[in-house]
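Chemist: Sequences listed follow chains A and B, in order.
Counted from 1, the first sequence has number 45 at position 45 by the numbering used here; the numbering is strictly sequential.
Counted from 1, the second sequence has number 7 at position 7 by the numbering used here; the numbering is strictly sequential.
It is possible that part of the hints are untrue.
Identical copies carry no separate label here, and so any pair may be met within one copy or between two of them.
[To be verified] No farther apart than 25 Å at their CA atoms in a straight line, the calculated lysine to aspartate or glutamate pairs in the DMTMM-like style are these:
no. : residue 1 : residue 2
1   : K122      : E47
2   : K122      : E90
3   : K29       : E4
4   : K29       : D83
Just so you know, the hints here were simulated from the structure itself, not pulled from any lab data.
Computed from a predicted structure; not experimentally measured.
Protein chains: 2
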Amino acid sequence: MIPEQVLDRVHWNDHGLVPAIAQDHVSGKVLMLAWMNREALLCTLTERRAVYWSRSRGRLWRKGEESGHVQRLHDIRLDCDADAILLSVEQVGGIACHTGRESCFFLGPGDDGWQEMDAVTKDPQQIYGGSHA
Amino acid sequence: MIPEQVLDRVHWNDHGLVPAIAQDHVSGKVLMLAWMNREALLCTLTERRAVYWSRSRGRLWRKGEESGHVQRLHDIRLDCDADAILLSVEQVGGIACHTGRESCFFLGPGDDGWQEMDAVTKDPQQIYGGSHA
């Protein structure tokens, strides 16, 4: 059972969401930032895997539901202002990004704008066929 | 000179902001999540230190301007959707949080709600006197 206080203390924004950072629990690599609503946080805590709210699809998004790249929960933290969450996870498959990279943070600033700094680990077509999640 | 494309590509939200995660460049510890507007990102890139937009104060916030706990920029990344930023920083003083802790993410879920999991490194009164930043 997850105490109601855990959900109540979070400062949900005007859309009922809070940003959640996923970090690899071994390497410390920051994998992605996504969003949670109250139900997503509850599911994350009870299912011990990262569950987000997909703003584009307007529904819960169990990370890895299509790709198999589930994020198993090791630890979860709330910040001092209660408006950001940090997940420490095991990234199944070693790929968090829909582009087939370990981390979504692969763009670095260059002379012509943001450049791809990390190579693709696995072709997204092999991961998803047609869709992605 | 920072190319305009670097600022233009970011997907600023309805408030003209983007979430920015600060991570210690050596330990990999996630220190905090704050927000940047276009000017804050430009200042971060040109001054090579973390500059945020303080939503509570409605002005630019040069991290460490009162505390001395400046975040020197080592690397910066944008994510695949261009709506989140990751800063790799040297955290001067080893304290990012206004509570006197290394990281703002010090609350973990317990039977009675979120519990303080990390001890205070330095008394905030010693850091700020009266105010904080």
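Chemist: If a hint holds in the structure, say so; if it does not, say that too.
Modeler: Hint-by-hint comparison with the structure:
| no. | hint | result |
| --- | --- | --- |
| 1 | K122 <-> E47 | neither (27 Å within a copy, 36 Å between copies) |
| 2 | K122 <-> E90 | within (18 Å within a copy, 32 Å between copies) |
| 3 | K29 <-> E4 | neither (31 Å within a copy, 28 Å between copies) |
| 4 | K29 <-> D83 | both (21 Å within a copy, 18 Å between copies) |
When the structure is compared with the earlier hints, violations turn up for hints 1 and 3 and for no others.
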